[in-house]
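Visitor: Okay, here's what each chain looks like letter by letter:
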Amino acid sequence: MKKKKLLSLLLIICLALSLLGGCQSHVNAPELSGEESGGGAESPYAVETLKLAGGTDWGTPSPYLNVSRGPGQAKMRLVFASLLEKDERGDLPWLAESWSFEGNDYTFTLFRGLSFHDGEPLTTEDVAFTIDYFRQYPPVTNTLGVGESFIIDSYSILDDYTITITVKEADADTLSNLGSFVILPKHIWEKVEDPYTYNVPDCLVGSGAYMCTGYESATGSYEFTAYTGWVNGQQAAQRILFVPVSDELLAFENGEIDIASMPADLKDKYMNDPEIGFVEKADDMGYKMLINFERLPDFLDISLRRGVYAAIDRQSIVDNVFRGMGSVGSAGYVPESSLFYNEDVVKYDYDPEAAKDALGDGGFEISLLTDDSADGISIAEIVKNGLEAAGMEVTVVAVDSAGRDDRINTGDYDFAIVGNGGWGNNPPSYMRTLFSDSSKYLSTSPASMGPRGYSNEEMTALAEGQLKETDFEKRKAMFQELELLVSEEIPLIVLANQSSYSMYRQDYYDGWMKTYAYQQAEQNRLSYMAR
Amino acid sequence: MKRIVLISLALLLLSLLFAWGLLFYPMDSRLPSGASLEAPSGEHWLGTDNLGIDIFAQVSSGFFHSLSIGLATALTAFLIGGALGVAAGYAGGRTDLLVEFLINLFLSVPQLPIMIVAGAFFGQSSLNIICIIAAFSWAPIAKQVRARTMSLRKSGYLVLAKSYGGRLWYLFKTHMSRDILPLLAISALAVTGRAIVQESSLAFLGLSDPLAKSWGLMIARCTAFKGIYFTNFWTWWLLPPVLALVLSTLLLRLLTRALESYWLEKE
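Residue numbers (our numbering), protein chains in the order written: chain A, 1 to 531; chain B, 1 to 267.
Just so you know, not all the hints are guaranteed correct.
[Said to hold, decoys possible] With beta-carbon atoms standing in for the labels, derived distance ranges:
| id | chain 1 | residue 1 | chain 2 | residue 2 | range |
| --- | --- | --- | --- | --- | --- |
| 1 | B | Leu11 | A | Gly363 | 35 to 45 Å |
| 2 | A | Gly55 | B | Ala19 | 37 to 47 Å |
| 3 | B | Ala19 | A | Thr219 | 39 to 49 Å |
| 4 | B | Pro110 | A | Glu253 | 27 to 37 Å |
| 5 | B | Gly123 | A | Ser154 | 50 to 60 Å |
| 6 | B | Ile4 | A | Glu353 | 51 to 61 Å |
| 7 | B | Ile4 | A | Ala374 | 35 to 45 Å |
| 8 | A | Asn272 | B | Thr223 | 18 to 28 Å |
| 9 | B | Gly92 | A | Ala374 | 50 to 60 Å |
| 10 | B | Pro110 | A | Glu464 | 49 to 59 Å |
| 11 | A | Thr219 | B | Gly93 | 43 to 53 Å |
| 12 | A | Thr56 | B | Val242 | 19 to 29 Å |
Just so you know, the hints here were simulated from the structure itself, not pulled from any lab data.
Here a beta-carbon is modelled for each residue, glycine too, at the ideal position from N, C-alpha and C.
With the hints as constraints, model all of the structure from the sequences given.
Guide: Here it is, written out as structure tokens:
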């Protein structure tokens, strides 16, 4: 009897302890929200939380571990700040309060009182350290160049707040490149010898307006919390959450997320709703088809590439896959709605007969790599139908988008369909990394990767030359000349551009914006700042 | 018996309808034949999908795709399960221990996660799907056949035939098949139904040939269409493959049950 009593007492104690333990593990999280809800009138934030659709793992939001695509970079750039930022019109102070340049010298003056998320002050020492560190270990998104093409020659620290960076050769993109590399805390990274595997909490101590306070790779969930030590302006939300959702639209309708992309078929429903606001992304998403010339050297014959254009019913991609919201891709790459578009580019019509003449006798058997998204597979089906009607044999291989990117990076494909955002960027600086033989990113992201096994001197000269041109009109003319050449030579097949809208509830939060250079509201840092 | 005839008739009618859809219906199941997402009409009985491909033609072709995968799987499971079951039940000893171990292994591991991993690892093709599903379908068959063979092994006529020098194949053919084959056939039929659902599940998860016109893929592509539930497209794009899947597996299952009870009654 005594034993039984003792046992039950023990059990009760265990139960009580485990309950206490359970409570404790929740202490940290609710404390934050309690502060928020109590804050009400005094809260400096426009909204408590902004919720976005998560569900995809875009990597740890650190400069060396994020996935090299827009959503991965954007999360990293919330946590890590750069010297400058962009708004609707031009460059803005971000960590640097002011800047000036003369010849190859660019001088930046930092805000007073800057600090990292662990409270350590951020000074020009950290900026200088980051330059040296990036020279040695290029990060995932690298605007400073690699090896010989590292754009910075030297720097000199004038004081804790002022640094002059001397570049090898100033060009039209130099300010933008110097303004957009993110600053690392010297006191943490100086001890790190292999940044590519450095995945401890310290790697998230950033310099940005938001701290990464939660990340779960399996569910693709992220939590960012406003950093109270940020000095340049006020964050709009206390917390930003990326939550996994099964259906983005249903989640938006149920108020589980605050911004979503609008399906083309529901344009009328939402456009007529006065409570809904929109950010338009004209032709910003684009799909191209890469040919691996190393594997298929026959296709270096231009008549075959013309045949490929003639075989594909690209209008049906716009009508059926994008449901009318988009345009047939310009063979010169830059989309029609861009200010840099050249009207004179060669236009290739859908002509199954001509395609058969060009491709029918080749006996080509190819595999067509695509991602396994609904749009990716639908586009692959249209391409396959067209090429098969012209006499080729096509096997479609669909893998997840990261797997597709990996295979393209390593050249493991015949034909590959790549979709990415950013086609509407102004200026179309992606033209250089796509078409210049000396700047092709051969192992980072297929989004800005040039065709494998193809080279063209004239194209390289134009793609590199535009960079040196600082006069807007002259630079535009060079871009247009490059587009014309691309449309004539067809180093890759441009399929179609998709326009879309992000929609949000205006009464809850209407700070979503696009910059003059980048249209993705969800990925712009200023969308999360009070302005 | 009446139930068996009725259910078989219903299955036959369903097959004939889809056979007609495959062979004589004027629309192609792979190429667009109309505009994007046309509602059902005289021309397109069940409308078209987003690429303008006829839905009825796709559902018909999906029936034979699913059925052929189901039958091929069943046949494989039938052969492996039957052979191992008879061998283990008849031979006993170490063979039996080994087969029993394998049966228990395949019965105890969680199927779907392993199928997903195997599907992702071996790549997207119908043959791989058949192999993967068959690998997880033979064990229950082998288990039943083994038990049956063990009970038969001790029967007088078999002991006698064996003592006259009858080999295993002869004994199976003349003395055991009468008892074992109906059991095998019914189990294989059950596998067909299950394989159809499993194939659709794997296709839905993106682990089959991405452009195959299978029901699972039709369902996957329809549900991935943005905003589908806020439009009426789902009524002709999503419902037909779902109903076809439910109806055909239900009929197969009912037929299996009816045959089982008929066989038991007869015994």
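Visitor: Tell me the numbers of any earlier hints that the structure contravenes, in ascending order.
Guide: none
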